[in-house]
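Undergrad: As a plain string of letters, each chain reads:
Number of protein chains: 2
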Amino acid sequence: MEEEMNPAEQHSATTVNLSRPVRCIVKLGGAAITCKNEFEKINEESLQTVSLQLRQAMTGGGSSRKFLGMDWSKRPGIFEAPCVGDDTGDQLDLDSGSFGHFQASKSGVHKGGLNQPFVKAGFVATRISVTSLNHEIVRALAREGIPTIGMSPFSCGWSTCKRNIAFADVSMVAKAIGSGFVPVLHGDAVLDNSQDCTILSGDVITRHLAAELKPEFVVFLVSTVHPEISVREDGSWSVVKPALQDMNKQGCSVSPKLHVHILILENKNLIRILSSTVEITIAAHDTTGGMVTKISEAAMIAKLGIDVYIVKFRPLILKRWTEQAATDHSLRALSGNLKVDMPEDWLGTVVRFVR
Amino acid sequence: MEEEMNPAEQHSATTVNLSRPVRCIVKLGGAAITCKNEFEKINEESLQTVSLQLRQAMTGGGSSRKFLGMDWSKRPGIFEAPCVGDDTGDQLDLDSGSFGHFQASKSGVHKGGLNQPFVKAGFVATRISVTSLNHEIVRALAREGIPTIGMSPFSCGWSTCKRNIAFADVSMVAKAIGSGFVPVLHGDAVLDNSQDCTILSGDVITRHLAAELKPEFVVFLVSTVHPEISVREDGSWSVVKPALQDMNKQGCSVSPKLHVHILILENKNLIRILSSTVEITIAAHDTTGGMVTKISEAAMIAKLGIDVYIVKFRPLILKRWTEQAATDHSLRALSGNLKVDMPEDWLGTVVRFVR
Chain A
1 MEEEMNPAEQ HSATTVNLSR PVRCIVKLGG AAITCKNEFE KINEESLQTV SLQLRQAMTG
61 GGSSRKFLGM DWSKRPGIFE APCVGDDTGD QLDLDSGSFG HFQASKSGVH KGGLNQPFVK
121 AGFVATRISV TSLNHEIVRA LAREGIPTIG MSPFSCGWST CKRNIAFADV SMVAKAIGSG
181 FVPVLHGDAV LDNSQDCTIL SGDVITRHLA AELKPEFVVF LVSTVHPEIS VREDGSWSVV
241 KPALQDMNKQ GCSVSPKLHV HILILENKNL IRILSSTVEI TIAAHDTTGG MVTKISEAAM
301 IAKLGIDVYI VKFRPLILKR WTEQAATDHS LRALSGNLKV DMPEDWLGTV VRFVR
Chain B
1 MEEEMNPAEQ HSATTVNLSR PVRCIVKLGG AAITCKNEFE KINEESLQTV SLQLRQAMTG
61 GGSSRKFLGM DWSKRPGIFE APCVGDDTGD QLDLDSGSFG HFQASKSGVH KGGLNQPFVK
121 AGFVATRISV TSLNHEIVRA LAREGIPTIG MSPFSCGWST CKRNIAFADV SMVAKAIGSG
181 FVPVLHGDAV LDNSQDCTIL SGDVITRHLA AELKPEFVVF LVSTVHPEIS VREDGSWSVV
241 KPALQDMNKQ GCSVSPKLHV HILILENKNL IRILSSTVEI TIAAHDTTGG MVTKISEAAM
301 IAKLGIDVYI VKFRPLILKR WTEQAATDHS LRALSGNLKV DMPEDWLGTV VRFVR
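Chains A and B supply the protein sequences, listed in that same order. Note that the UniProt record's numbering has the first sequence beginning at 1, numbered continuously upward. Note that the UniProt record's numbering has the second sequence beginning at 1, numbered continuously upward.
Read the hints as simulated data drawn from the structure, not as lab findings. Worth double-checking, as some hints may not be accurate.
Put simply, identical chains are the same to the list, so a pair is met inside one copy or across any two.
In silico DSS-like links for lysine-lysine, alpha-carbon gap of 30 Å or less [unchecked claim]: (1) K106 <-> K41; (2) K162 <-> K175; (3) K41 <-> K111; (4) K66 <-> K111; (5) K175 <-> K339; (6) K339 <-> K303; (7) K162 <-> K66; (8) K214 <-> K41; (9) K66 <-> K339; (10) K106 <-> K66.
Generate the whole structure from the sequences, applying the supplied hints.
TA: Below, the structure is given as structure tokens:
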């Protein structure tokens with residue numbers, strides 16, 4: 001796991017030339033748009049809902065507003081009335097959910113060794129799987145009139161060294177934004193200078209993009225509820241609710257009392273404490289590493305002065321009133337209103353750096 | 001149409017660092033692998049055959065040889081025995097056939113004007129369509145154990161100025177080859193410095209890649225038969241067979257007498273004459289511009305000292321003995337044996353530069 005930006009990143013962060021500011025980077029959690037427990041299955045309903053929400057957030061308008069669909073592929077319902085909302089240069093970054101994980105873990109792509117035929121095959125297979133999902137997301141958003149451009153980190157020439165980002169030029173991403181497009185990236189298999197190849201996760205990509213593009217805020221749309229975290233005066237912190245043993249028993253059940261959780265990062269040291277502590281205390285119930293990486297990367301982003309909102313998009317367990325509530329809360333996060341007005345009843349986690 | 005490399009290309013052509021030589025660049029004609037007259041329909045049989053042939057050409061072996069399939073997506077027959085042939089750093093470049101043309105021509109993406117909502121939508125729609133085909137080709141080749149990597153010119157940061165290539169860094173393509181992969185590119189919608197956007201055709205990409213990567217030879221797999229071209233002493237040339245008016249009547253019927261056609265380019269002037277003459281005389285029966293561009297680009301490649309073999313892959317009209325023959329002849333071209341041994345009975349067009 002990366003805890004610090006390496007010098008290459010710190011250098012390049014100062015050189016990106018943006019023709020217009022980026023409002024938001026959205027990380028679509030794989031589990032929120034795919035059926036996590038089914039092999040390569042997209043949750044079409046979730047994908048459609050998130051596409052609709054993103055359009056609403058971008059246009060600041062209602063769902064009934066006319067727009068120009070942009071997926072002119074062999075599907076019903078192409079060519080809607082030409083009416084386009086404004087484009088805000090929003091930036092999407094994706095992880096893969098039930099796509100890519102099997103291929104990557106089966107072949108051990110993250111551990112390198114391209115000279116082994118099985119790793120090489122796994123590298124190819126992983127890229128096929130994650131680009132397949134990315135393609136479907138690009139299409140779903142285009143159908144909502146969002147001018148999406150699929151971009152693979154591998155094709156963009158991004159590479160790592162000892163599994164940390166070594167070269168990740170975002171100039172083409174910036175150019176696409178400058179031309180009014182919404183780039184859609186994804187976690188990818190990439191070349192690594194020290195071990196031939198590895199996996200570059202969507203969370204790490206999100207943090208890198210945030211460092212380079214300096215958006216107003218970052219939203220992580222996730223499927224599992226986050227714990228309430230208490231930060232103490234001395235900078236240490238702990239999970240208050242639900243207790244870890246309870247989470248293990250009940251999965252990730254949500255408590256009606258669980259409202260706004262603001263994780264205030266007060267200084268650089270706190271981030272270090274946070275990262276190492278999270279690894280020890282939360283990893284137990286989070287075998288995919290999702291929670292650990294997410295909080296660590298969110299903390300790194302917050303350290304740059306960029307608010308991070310982690311919000312449930314689609315509750316997997318509770319299906320009643322909370323579903324509507326979660327949808328509403330994610331839309332509020334995407335709309336960017338939380339930065340100026342954080343209502344008491346907003347359900348989600350804010351990671352914010354207070355100097 | 002481009003007739004000369006611009007200074008940017010000439011410069012970058014000298015700076016590519018290849019860790020191993022490239023044997024061959026293959027241009028899969030869209031019409032050879034898609035159903036040209038049906039909207040976004042892949043010819044699965046052709047795609048499977050061409051994938052098999054490419055594997056045979058790369059391994060130099062028979063079709064029964066065991067290999068490690070690399071498309072581990074939701075399909076039957078994944079995970080074959082781990083046995084991989086050698087990888088020769090072959091390079092593929094694609095055009096789109098029935099993919100992308102509709103979206104591009106409908107919206108006029110090639111003429112620029114991204115500030116118009118309909119052009120912008122067409123840009124997005126074109127990219128969705130061509131990347132969709134590219135993805136399927138990557139998968140088909142991966143199923144044959146070819147370690148393919150899909151790479152979009154747009155994502156690679158390629159751009160044009162006045163519709164000519166302005167910036168097209170192939171270093172990432174070269175790196176992928178150096179790591180033992182077979183990059184698969186495609187004709188793409190790209191950003192243009194002078195008119196916002198345009199279409200970069202597969203033929204132009206092929207020529208650019210040839211100039212940069214300097215392969216031993218280039219193969220164009222096409223679906224329509226090429227005319228017999230006679231080159232005269234003074235460098236002028238004409239189409240001997242079939243006569244142009246007959247081609248208009250009969251489509252592109254093949255004559256049994258049509259064997260090897262070697263177009264010898266003797267000097268720089270000839271190429272200029274060739275380009276301008278072709279535009280006038282052949283364009284009549286070739287509304288897609290395919291023939292004009294192909295011969296012009298092939299001539300540009302030949303000028304670099306690289307043999308170009310244009311060969312029918314799948315006859316669309318004649319379905320009897322010629323089909324098997326064409327398949328056999330395309331395999332011979334892909335295998336690279338034509339460079340040293342050009343048999344009398346080989347059916348196709350060679351474009352070769354004789355100083």
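Undergrad: None of the hints should be skipped; say for each whether it holds.
TA: Going through the hints against the structure:
no. : hint          : in the structure
1   : K106 <-> K41  : within (18 Å within a copy, 33 Å between copies)
2   : K162 <-> K175 : both (29 Å within a copy, 18 Å between copies)
3   : K41 <-> K111  : within (26 Å within a copy, 39 Å between copies)
4   : K66 <-> K111  : between (48 Å within a copy, 26 Å between copies)
5   : K175 <-> K339 : within (27 Å within a copy, 43 Å between copies)
6   : K339 <-> K303 : within (16 Å within a copy, 60 Å between copies)
7   : K162 <-> K66  : neither (48 Å within a copy, 34 Å between copies)
8   : K214 <-> K41  : neither (33 Å within a copy, 42 Å between copies)
9   : K66 <-> K339  : within (28 Å within a copy, 58 Å between copies)
10  : K106 <-> K66  : between (45 Å within a copy, 21 Å between copies)
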